[in-house]
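We have chain A already, so just place chains B and C on it with the hints.
This is what each chain is made of:
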Amino acid sequence: MRYVIIGNSAAGVHAVEEIRKRDGEGEIVMFSREPYLAYSRPLITEFLFDGVPVRKMSYRDASFYRDNRVDLRLGVEVVEIDREKKEVLDSRGERTPYDKLLIATGGTPFVPPIKGGDRGGIFTMMTWDSAKAVKERLPKTKRAVVLGGGLIGMKTAEGIYEAGVPTTVVELAPQILGRILDRRGAEIFQDYLEKKGMEIITGDTVEEVVGESEVEAVRLRSGRVLECDLLIVAIGVVPNMDLAKKAGLQVNRGIVVNERMQTSDPDIYAAGDVAEAFDIVVKEKRVNAIWPVANRQGRIAGANMAGGEKVFTGEFPKNSLKLLGLEMISMGLVDSPDDSCQVITRDEGERYVYRKFIFKDGHVLGGIFVGEIDKAGIVTGMIKNGVRMNGNRERLLYGPPQLIYLDEEYREEKLTRPVVS
Amino acid sequence: MGCGLCLVACVVEHSKTKDILMAYKQETPRPTPRNVVEEGEEGACFSLQCRHCQEPDCVDACVNGALYIDNGVIKVNKDHCVACWMCVMACPYGCIYREEREGSWNSNKCDLCPGRDVPACVEICPNRALVYEER
Amino acid sequence: MVMSSSLWTDNFHDFYVDREQERCIQCLVCVRQCPYEANVYREAAGVVDSVHKNCTGCHRCESLCPTRCITIRTNPSEFRPHANWQPREIKNIYKQARTGGVLLTSTGCELPYPNYFDRILIDACQVTNPSIDPLREPMELRTYIGRKPEKLEFERTETGEVRLKTEIAPQLKCEVPILFSAMSYGAVNLNFCEALAMTAKEVGTYWNTGEGGLHRKLYPYGDHTIVQCASGRFGVSKTYLGTSAAIEIKIGQGAKPGIGGHLPGEKVNRDISETRMIPVGSDAISPAPHHDIYSIEDLRQLIFALKEATDYEKPVFVKIAAVHNSAAIASGIARAGADAIVIDGFRGGTGATPLMIRDNVGIPIELAIAAVDDLLRAQGIRNEVSLIAAGGIRNSADVVKIIALGADAVYIGTAAKIAVGCTVCQRCYTGKCPWGITTNDPRLAKRLNVEIAAEQLTNLIHGWAHEIKEMMGLMGINAIESLRGNRERLRGVGLTDRELNILGIKHAGE
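Chains as they are written, first to last, in the numbering used here: chain A, 654 to 1074; chain B, 408 to 542; chain C, 5 to 514.
Honestly, the hints are just simulated from the structure, not real lab data. Note that this is a predicted model, so its numbers are computed, not measured. It is possible that part of the hints are untrue.
[Claimed, not checked] Short derived list, chain B residues pointing at chain C, Cβ under 8 Å:
hint, residue
1, Leu414
2, Ile427
3, Leu428
4, Tyr431
5, Glu449
[Claimed, not checked] Label-pair restraints from in silico Cβ distances:
hint, chain 1, residue 1, chain 2, residue 2, range
6, A, Ile997, C, Pro293, 57 to 65 Å
7, C, Lys221, B, Glu449, 15 to 23 Å
8, A, Ile997, C, Gly467, 52 to 60 Å
9, B, Gly510, A, Asp782, 28 to 36 Å
Even glycine gets a Cβ: it sits at the ideal position worked out from N, Cα and C.
Extracted from the complex, chain A is given alone in its bound form (with noise of 0.2 Å):
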């Protein structure tokens, strides 16, 4: 049996690990187009102004390949899947069969035709060799633009700006962070990061780049100049499903599996930021480009193309970010869909304190912590499990929550019975 694995971050490590623990002969062969042994991509913006060492961005180091006897072809991207042959084809030329394929591409910044587009000094954040780009850049720098005021570009705002060069934030929509946070959350965070010092732009975005040959400043819709020597574009990312595409198989927003990760070939499965799954919040497939959802996919994937019996249960967003020192994690939805919707809040935004939760027949749906996260993640497993909340629900607005809050049945099956998760 022979097992290939096109990626090597989250998913792809997490499907070594689960086909290990149930096939030792098989053979594991992984490619990476990029250089390095996996490492903690959400940490790429800290390494900008070594906000972490860079021992500390290593996410498995190499004992881990070695141990669980992968195949390891770093710098080698595969360019074709041949499903009637059943191999994949690389960027050397060199051909390799596989028996089981496991497609863990991860995404794409995009990167909208802008005019002026083609300068220097524009760069993306998404690899590590990107944040290397950008951080050797850094020193001549005098004023960086971030367009896009989403997670990715909020926190390289932060690592340029942490790296002592003035930056500007540039967010077409009214708020910042509106994946992850609500207007009011968005506002609170944008306020304690202008009094820190970074600047940030709403409801505006890059119409033009202007400079000579490298970037010297960019005119905003609104007719604003703004001057600087570094343009970060991060206002999305979409999946890497070209090889998907070529090879025929069934595709959406990103590549569609189903609850085993199996892709419309049932050899070839497909996890992480790349696939399309059930989201249990909204009900309905979408791609949740997450770490946490990028691991459990590539064990689900790993388990089943080894023959084990596993399936994805659904997901959903959370996240938990850091900027500039302050804290704030979110599950779920963000904003109330309807008004079938019951929304509880608690603002203390003078302190850096607010706190939202949304609720519907009985269920939460969403939660909002700023400033105050302990324990946040009994939240994410109510919205997990589905589970009721008890008694007065305001009390999750104050101190951090407690299993106690939730349905004595609920306790009692987690607290006895064999834990699972």
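Structure of chains B and C alone, referenced to chain A:
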């Protein structure tokens, strides 16, 4: 019964000196407990610590592998932890704690007291409310 | 009734919490565990402090303090010595001047009346009448409670076999002559009841529901349960009577002879209401007398009503407080058809009683048992009833002595509570028992782990049983039957002729 001795036992067990007075009076920073006593209405209360799930959400959430499973026990490598609190976000029991050590932060959690037959919290519990068993 | 300011007496507290601040780690275990709020955390000052006036001397905090920084002490503050106006009397007057109420207390009499157990010594065999080694020889502790026939008659069946002709009244088989006395669900909680029931089953003895009824959860222990029928008749039904090993009619209680009982409505929660068969929140008042018993004849009617209801299959006990004419009353009870008489001495415990009554009414169990046994023997009806002694039995020597004075078995109550943690702080009536015994507050009741409590009770009974066997052995006795009423093996010390006479024992040296 909510006495909180399990918290004391946890602090002492994870202190440098393992001496109760030293742990509380001399050691800085004072170790923080890796468990909690939750108290609800009508007398419900319990001591809670990591359940050491088979498929832990915290380990899946950890961005750089600082949380790992060692022989069924979920452990945190504090020197690797970057304090991103993805684990705090993920743990459905609220059993991962933020800990400050000499100015830097890391996650902290129950490690089932390596080197002991029975975890310290279980041993001290005067009412046998805590039991140690494999499930 | 006006509650006056209490400020001027607050500092005359009985106890104080001696806290070695250098050892206090502010873990707040003491704060969390004190139901009387005697330990408090002063957040602003960052110290754990004590409100001494709230301390009842229960020692809960001391027992759980992980650094042993707490010692509970009696308040050394002294009043001017006065033989008549002792601090106890002074403080009681303060209390009543403040509240205008009856002084309440719990457990048994605390005053230093003569304790006859402590003035009776046990004889031992030397040379001429060899002692028995209980490790080598069988020792019989099994006791049958119930009416015994005057003589046994036998007959031969048609096939020639010998058969017992005499009909034997129902008997209660006790593997040890120690039973658990009546403590009602309500006064104590279900955890404690369950621990007693489990222990009774484990060691082969019986526990007693008191007048709290029998909680459905404990029905499986029916074979080891004595159900009580008291003046309030709480929880009495055909099922209740049927789910038992014996039935006890309670006339009186040693701690409060002649008065009734009162379980305040706020303690009557749903479970207690269902078990007692009264509405939630209603006061459970047990009248002083049974309103249908004003004579021995009336009592006989109730005894037989209960026997009738249970097909004459279960022994019926009658429990009275030890009073001056216990002997004559006991004789009447025996003649009324009871299978056993329980005499409860004035040191017997209670969940709540007026202090004046607890400390001033009744007589010691040692004298009462001797007198009752004497009279029943004199009248030739001792075999018609078993005698159970209750009230202040503290150890196995007390058991041996009271059996030698004439009892068949003993009831223990306070000793059982102490076995599971009680420190005799005498505040059962507050419903806040820090040990989780005499409280139905779920927060406190869970402090009593049934499994642990049952182990401790079982250990206690086993320990006493061992000791009783040892003492029987040294007396040269190998069956508890031979000890009963065997007053020749007792000697008094420091007792008057009159006392020796009542006890029916010789003085040491005779």
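Now the hints, each set against the structure:
Given the 8 Å rule on beta carbons, the hint for Leu414/B holds: about 7 Å separates it from the nearest Cβ of chain C. Look at Ile427/B: its Cβ gets to within about 6 Å of chain C, closer than 8 Å, so that hint holds up. At its closest, the beta carbon of Leu428/B sits 6 Å from a beta carbon of chain C; the interface hint therefore holds under the 8 Å criterion. Given the 8 Å rule on beta carbons, the hint for Tyr431/B holds: about 4 Å separates it from the nearest Cβ of chain C.
Of the supplied interface hints, the one on Glu449/B holds, with its beta-carbon coming within about 6 Å of a beta-carbon of chain C, less than 8 Å. At roughly 60 Å, the beta carbons of Ile997/A and Pro293/C sit within the given window of 57 to 65 Å. Checked against the given bound of 15 to 23 Å, the beta carbons of Lys221/C and Glu449/B, roughly 18 Å apart, stay inside it. With their beta carbons about 58 Å apart, Ile997/A and Gly467/C fall inside the hinted range of 52 to 60 Å.
Between Gly510/B and Asp782/A the C-beta distance comes to about 32 Å, which sits within the given range of 28 to 36 Å.
Checked against the numbered hints above, the structure breaks none of them.
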